[in-house]
Every structure is written in C-alpha cells, then in structure tokens.
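Chemist: Keeping the supplied structure of chain A fixed, place chain B upon it in accordance with the hints.
Chains A and B supply the protein sequences, listed in that same order. Heads up: the first sequence is residues 1 to 260, going by this note's numbering. Heads up: the second sequence is residues 1 to 111, going by this note's numbering.
These aren't lab readings, by the way, just hints derived from the structure by calculation. Please note: incorrect hints may appear among the correct ones.
Computed, partial: chain B to chain A, Cβ under 8 Å [stated by the list, open to error]:
1. 84
2. 85
3. 88
4. 92
5. 95
6. 96
7. 98
8. 99
9. 102
To list a few chain A residues with every Cβ distance to chain B over 10 Å, as calculated [unchecked claim]:
10. 37
11. 93
12. 118
13. 140
14. 167
Backbone N, C-alpha and C fix where the C-beta goes; we use that ideal spot for every residue, glycine too.
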Amino acid sequence: MDVIEHPPILRLPGIPDHVTYTWLVMIVLAGLAFAASRNVALVPRGLQNFFEVVLEQFQQLIDDVIGPEGRPFLPLIATLGLFILTGNLLSLVPGMSGPTTNLNTTAACALVVFFSYHYIGVRKQGALTYLKHFMGPVPLPLKPLMFVIEIISHLARPLSLTLRLFGNMVGGHILLAIIFFLMGLQGLIGWALSGSPVGAVVGGIGGAVMIVFTVGFLYPLKILVSFLQAFIFVMLTMLYISGAIEEAEHHGGEHAPAHH
Amino acid sequence: MRRSLMLAGLAVLAVPAAALAQAPAAAAESHGGWVGPFAVLVAGFAMAFAAGLCALGQGRAVASAVDAMARQPGAAARIQTAMIIGLALIESLAIYVLVVAMILLFVQPIK
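Chain A with its partners taken away, still in its complex shape (with noise of 0.2 Å):
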C-alpha cells in the first residue's frame, strides 16, 4: 500500500506498523482507564462518567442480544469495540497508521472471536453436546451433510469478520489517497500553483471543491463508517456468543421466544 499512501510518520525500526500503532492504541486506552479508574467517586465526575457512560452502553447491548447472561463477556467485548473504534479512529489522523487497515490486527481480533465462542460454547454445554448441535433439526441420513455446511459455515465466520473490517477501512483509505493525489502538488493545487493562468483559474477552483468535498463529506463519512464498523463487529460477536450459549434451550422443553 507504499505505493499510493505516504508512511507514517512514527516509524518504530525493525517494528511493523501495525504493531507500533496497536501499542498506541493500548497505551491510549491503558491511560484513559487508568486516569478514569485512579479515584473512584460514588458520584462520578469528567473522565469516569464519560466511561461509565460508555460501558453502560456496552452492556445495554449485551442485556439486548444475549440476555443477562451474557454479563461475565463483557470485557471481551468491550475490549474489541473499544479498541476497534480507537484503531479506526487513529487510522483517520494524518501521519498515523491505523491498526484496523492491517490484515494480521483484524484476522487476530475474528480469531479471538472465534476461538472465545466455540470456548464459551463448549464450557456451558460440554464437547459433545455442543458437537451435536452442528448437526441441526434434520433427519438422520441428511446429519452428516449438515454437520460439513454448518463446519464451513462456522469457518467462513472469522474469514467475513476479518474482511468486512479490513476492507472497510482500506478501501475507504485507497479513497481518501485518491483524492488527495488528484488534489495534492502534482494535482489540482500544483496546477494552481504552476503560475499558467488557466491553470490558476480550474486548479484553484477545482483544488476548492475537493477540499471542501474531503472535509465536508469524506472525513464525516469515515468516522461514520469507523463507529459503524467497531458497532458490527461487537454486534456479530455477541451474536455469535448467544448462538453458541442459546442452543443448549432449544432443547430445554419450551422455545425462547424467536429473536434471531
């Protein structure tokens, strides 16, 4: 991606970028917890409002999806939005590199995912029971059948989370790049600046419109997109946990009310 976004500009040496940036990104988050968290008030103040404030929100959307049983997961998964919003956020600040725009950042968050659904499902139902929900509601000579779709099925999850993430945030990036490529010094502003008169009249007026269609509709579009994404991958996650822990009362006598 060298070839058309300029290198940030905090270059650890021997360290891909991805990582250096993931670590700001812990140390940001580290840092806000730690300051929010130092003196705890009954009544809370600044900085352990405004996370209380987020949180709550984090386990509204538990209650909502999985049911109060799905309380113990919420670190993890506050955790991956918190950190997903930050490295997308991050990757929209000039000079920095975003986490999120790296395959291996979002491939290590779906297989956090994955392997912490198959666990949780494992751990409430046991190793067998749960293997056999892989099979579905089917007659038996068709059970072998669905049990390969439903293991692809499982598969192709990280795969989407992975790719749904990661091309959101590049593909929005190779836009950006384009834009201001085609608006930069060898663009409309260098024509501008090249002292023809024409080009001073369309370079001037055209470099005016792409900054104000960057800052009035691309950059409010990419921090839309930035939330939207860190809200669908917590929201799949919670998902995926509350198949993995609801299919244990399908068999419980009476159906949970369907909220698939």
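Modeler: Positioned in the frame of chain A, the structure of chain B alone reads:
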C-alpha cells in the same frame, strides 16, 4: 443488443492484448507479461459489478426495513439493528471482491 454488448466486451478484452502485441518484447517482459493489464481491468470491472449488485441488494433491504419502521414505529430500534446487521452481511460480499481487487492490484500473485 446482446450481440453488441458481447462485441464491446471482446473489444475491451482485446485492447490490452493488441497494445501488448505491438509493444517490443523486451518492454513487455520488464513489465511482467500480459497478466498485469488484464488484472487491472478485472479489478476495476469486478468492483463495478460488485458495487452495483450490492447496492441493489442493500436497496431492497433498506426499503423493506424503512417500510416496516413506518408501519411500526415502536419496533424501530430492533428493526434498525437487524437492518444494520443484514446490511453488513450483504456488504461483506462486495468487500470480498474489494479484497480480491486489491490483491490483484497491489500483491500481484500472478505476474
């Protein structure tokens, strides 16, 4: 109509081949052969098709979601959540094509 479309497609496919046939062999070899131009074309066309069809699918999904929200404003929050998840799942298919296009453009596994 269909025949002219096919002819146009064949013409588009023939352009890089013809351009390469005229180029000197040494230049073609230093640029890595004939796969490169085709890869660029395929990346662009694939993304165009994927974006268009994905927009059709997402349009249907959003239309029925908005319809349902207008009929039942009380359930708007749940419908919106379901709609966003559905949109993400539809969009991921276009994102796969984007990733394939980026692999063709930047990684270039087949030279």
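Chemist: If a hint holds in the structure, say so; if it does not, say that too.
Modeler: Going down the list of hints, with the structure as the test:
For residue 84(B), the interface hint holds, the least distance from its beta-carbon to any beta-carbon of chain A being 7 Å, beneath 8 Å. Interface hint at residue 85(B): satisfied, since its Cβ lies 6 Å from the closest Cβ of chain A, which is below the 8 Å cut-off. For the restraint placing residue 88(B) at the interface with chain A, the shortest Cβ-Cβ distance is roughly 4 Å, inside the 8 Å limit, so the hint holds. Look at residue 92(B): its Cβ gets to within about 4 Å of chain A, closer than 8 Å, so that hint holds up.
Given hint, residue 95(B) at the interface with chain A, holds; its Cβ is 3 Å from that chain's nearest Cβ, closer than 8 Å. For residue 96(B), the shortest C-beta to C-beta distance to chain A is roughly 6 Å, which falls under 8 Å, so the interface hint holds. The criterion of a C-beta within 8 Å of any C-beta in chain A is met by residue 98(B), whose closest approach is roughly 5 Å, and the hint holds. Of the supplied interface hints, the one on residue 99(B) holds, with its beta-carbon coming within about 5 Å of a beta-carbon of chain A, less than 8 Å.
The interface hint given for residue 102(B) holds, since its Cβ lies 7 Å from the closest Cβ of chain A, which is under the 8 Å cut-off. Annotated as non-interface, residue 37(A) keeps its C-beta farther than 10 Å from every C-beta of chain B; the closest such distance is 30 Å. At the 10 Å boundary, the C-beta of residue 93(A) stays outside the reach of chain B, the nearest C-beta of that chain being 23 Å off. No Cβ of chain B comes within 10 Å of the Cβ of residue 118(A); the nearest lies about 20 Å off, and the non-interface call holds.
Distance check for residue 140(A) against chain B: the nearest CB is about 31 Å away, which clears 10 Å, and the non-interface claim stands. With a least beta-carbon separation of about 3 Å from chain B, residue 167(A) fails to lie farther than 10 Å from that chain, contradicting its non-interface assignment.
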